[in-house]
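**Student:** What follows is each chain in one-letter form.
2 protein chains.
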Amino acid sequence: MRVNITIAVDAMGGDYGPEVTVPAVLDLLDRDHGVSVILVGVPGRIEAVLRRSQTVLSARLQILAATEVVAMDEPPAQALKNKKDSSMRVAINLVRDGGAACCVSAGNTGALMATARFVLKMMPGIERPAIATTLPTINGHVYVLDLGANVDCNAEHLYQFGIMGSILASAVDGKERPSVGLLNIGHEAIKGSEVIKQAAELLRNSPINFHGNVEGDDIYRGTVDVVVCDGFVGNVVLKTSEGLAWMMVQIIRREFSKNLVSRLAALIALPVLNRFRRHMDPRQYNGASLLGLKGLVIKSHGGADAYAFRHALQYAASEVRSNVLGRIEASVMQLEPSI
Amino acid sequence: MRVNITIAVDAMGGDYGPEVTVPAVLDLLDRDHGVSVILVGVPGRIEAVLRRSQTVLSARLQILAATEVVAMDEPPAQALKNKKDSSMRVAINLVRDGGAACCVSAGNTGALMATARFVLKMMPGIERPAIATTLPTINGHVYVLDLGANVDCNAEHLYQFGIMGSILASAVDGKERPSVGLLNIGHEAIKGSEVIKQAAELLRNSPINFHGNVEGDDIYRGTVDVVVCDGFVGNVVLKTSEGLAWMMVQIIRREFSKNLVSRLAALIALPVLNRFRRHMDPRQYNGASLLGLKGLVIKSHGGADAYAFRHALQYAASEVRSNVLGRIEASVMQLEPSI
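Those sequence lines, one after another, are chains G and D. For the first sequence, this note's numbering begins at 1 and goes up steadily by one. For the second sequence, this note's numbering begins at 1 and goes up steadily by one.
Please note that a few of the clues may not be correct.
What the hints assert, rightly or not - Derived, one-sided and incomplete: chain G residues facing chain D with beta-carbon distance under 7 Å:
#, residue
1, 154
2, 219
3, 221
4, 237
5, 242
6, 244
7, 250
8, 255
9, 260
10, 262
11, 267
12, 268
13, 276
14, 279
15, 281
To be verified - Residues from chain D that keep clear of chain G, each with C-beta distances beyond 10 Å, as calculated:
#, residue
16, 16
17, 188
18, 204
19, 235
These are computed hints drawn from the structure, not numbers from a lab. Just so we're clear, the structure is a prediction, and the values are computed from it rather than from any experiment. Each residue gets a CB set at the ideal place from its N, CA and C atoms; glycine is no exception.
All chains should be modelled from the sequences, with the hints used to inform the complete structure.
**Tutor:** This is the structure in structure tokens:
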């Protein structure tokens, strides 16, 4: 590994704080020797977890003190105004000041969004940040954005999400012209709201590889590489999928533990069922990019465990290594006249 | 069975027309001796299928001729204006004129909606019809509406969907005060768009049992009996769920056919896997109600096979028997001052 990457980690964020973030960081450092981490947060609480695993600080693992913590249910505006020394804010400051190549947080989404936007600023031509993540498909994965940063979007916003999503997929996966679909309630161009129709028109006339409208099932059928929608719809897609996958796994479990015969069948089918569970495990898809900012910020699920949080850290490292930020910036510059 | 119910069936609707609708009707008539059916459509094509199964017409099975067929991709306004003798239109006319207690169609959703609205009219106080269906949950099922009739909804519309959904769940399932949730991107009252916040306010002050905001995963967790959303979001929920369930079943199949050992495991696990597949089979949830009209119309999935279409017919019979229409009408009358 030639280049050393530094990641700023909001150690206090998420439902479990350092109990999850610190073990995940230690696991990452073991696996990826090209990464250094700055743990940002209340030193006493971080050190307590480090001590338990008998880890000492090194060039690759440092602590940066922040005295405050943004609560998971704190109103974003309030966090932005009153908590200038929060672990989240200090971690984002590190990205702005060049002390870290990106920041990873499992904290309050709204506060992270507002703080990142305030500290890092938007790229020229991009009006709103978008949250993008990958979901599994039958033959790989798909990028979906926005996932909740913007509840009301106009056609321009959806168009900008399409551009950013296309660049993200191309940068991370090395696809030359990733296909982009607009989530709608029918494949035909006459379907959907006025906003959707206008967004489709803008995307059709853009330099990206616009596939046209897609429907909800196309997400998992792998019809396109990128699916664009507003934040309300994207969040519902994500949560609905979580709920359905959870239910299906519960039902399989219930069916297999019904009686002696089915329990025996489960024993024999165990390796296969485990492979299935691993494939469907949402934890390995943890890590969403906040796109459109002049700096790289990755959001982890608030309820992430150490395994899931480590995946968000790995995703962050891969975004840095594929220079997602620089590529989006370059493309946005090129497109700006048309935006 | 005391009362005999007559169902008008749009025999030409759906991707397969009489090839699917007629066998489904014959299956229903065998199973439910309290039902009569009027097959509406092109007599020659219906008779061809009847002849193949050596069925003769009777008091319980009649044909009503309609010369035209609405195409699956025909613009609704055009179908409404130009095809006054379509199987869809004639079947709905039967409901208006009292010749049938309800109508079932697998035809073009937009055309069905527009025609039903034109022929049957809306109930007083209800501005827009809604499409409602049930989805499976971990412990039963949930009603979700709207599923695509309305892409843009205001707070009043969502409020009316809540009222109608509550009455539907109470009538069909006999629940006294079904709980109603408003689909949002967070449980907190501060989350979501202005429309959602206003709708929540209206529902909170209504006589129904309003649970508050729910998120996508709550649909499958069985958190509430009814989930309310606009038609765009509802359609995305439905299609996304279809896609994810399809993908999960494909992956299970793939994993179990990987090698000799897993194929053996599949053989042993087969009865359990079949139970699982039956539980998840979307065909048994086929049949969506068009609510808010002065008449009962049930929409079947366009791609339904005979098994799925028979389920839509059964759902229609259960709605007639539980007097869903009369109950919604009575409740709407009571509520009207507040609406």
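**Student:** Could you run down the list of hints and mark each one as holding or not?
**Tutor:** Going down the list of hints, with the structure as the test:
At a threshold of 7 Å, the smallest CB-CB gap from residue 154/G to chain D is about 13 Å, leaving the interface hint violated. A cut of 7 Å between beta carbons decides the hint on residue 219/G: the least distance to chain D is about 6 Å, and the hint holds. Hint on residue 221/G holds. Least Cβ distance to chain D is approximately 6 Å, under the 7 Å limit. Given the 7 Å rule on beta carbons, the hint for residue 237/G holds: about 5 Å separates it from the nearest Cβ of chain D.
With a least beta-carbon distance of about 5 Å to chain D, the hint placing residue 242/G at the interface is held under the 7 Å criterion. A distance limit of 7 Å between C-beta atoms decides the matter here; for residue 244/G the minimum to chain D is near 5 Å, and the interface restraint holds. The beta carbon of residue 250/G comes within 6 Å of a beta carbon in chain D, closer than 7 Å, and the hint placing it at the interface holds. Look at residue 255/G: its Cβ gets to within about 5 Å of chain D, closer than 7 Å, so that hint holds up.
Given the 7 Å rule on beta carbons, the hint for residue 260/G is violated: about 12 Å separates it from the nearest Cβ of chain D. Of the supplied interface hints, the one on residue 262/G holds, with its beta-carbon coming within about 5 Å of a beta-carbon of chain D, less than 7 Å. Interface restraint check for residue 267/G: the shortest CB-CB distance to chain D comes to about 9 Å, outside 7 Å, so the restraint is violated. For residue 268/G, the shortest C-beta to C-beta distance to chain D is roughly 5 Å, which falls under 7 Å, so the interface hint holds.
For residue 276/G, the shortest C-beta to C-beta distance to chain D is roughly 5 Å, which falls under 7 Å, so the interface hint holds. The interface hint given for residue 279/G holds, since its Cβ lies 6 Å from the closest Cβ of chain D, which is under the 7 Å cut-off. At about 12 Å, the closest approach between the beta carbon of residue 281/G and any beta carbon in chain D exceeds 7 Å, and the interface hint on this residue is violated. Annotated as non-interface, residue 16/D keeps its C-beta farther than 10 Å from every C-beta of chain G; the closest such distance is 20 Å.
For residue 188/D, the requirement that its beta carbon stay farther than 10 Å from each beta carbon of chain G is not met, with the minimum near 7 Å. Remark: the non-interface label on residue 204/D is consistent with the geometry, its nearest Cβ contact in chain G lying 20 Å away (cut-off 10 Å). Its closest Cβ contact with chain G, about 4 Å, brings residue 235/D to no more than 10 Å, contrary to its assignment away from the interface.
Hints 1, 9, 11, 15, 17, 19, counting from the list given before, are not met by this structure.
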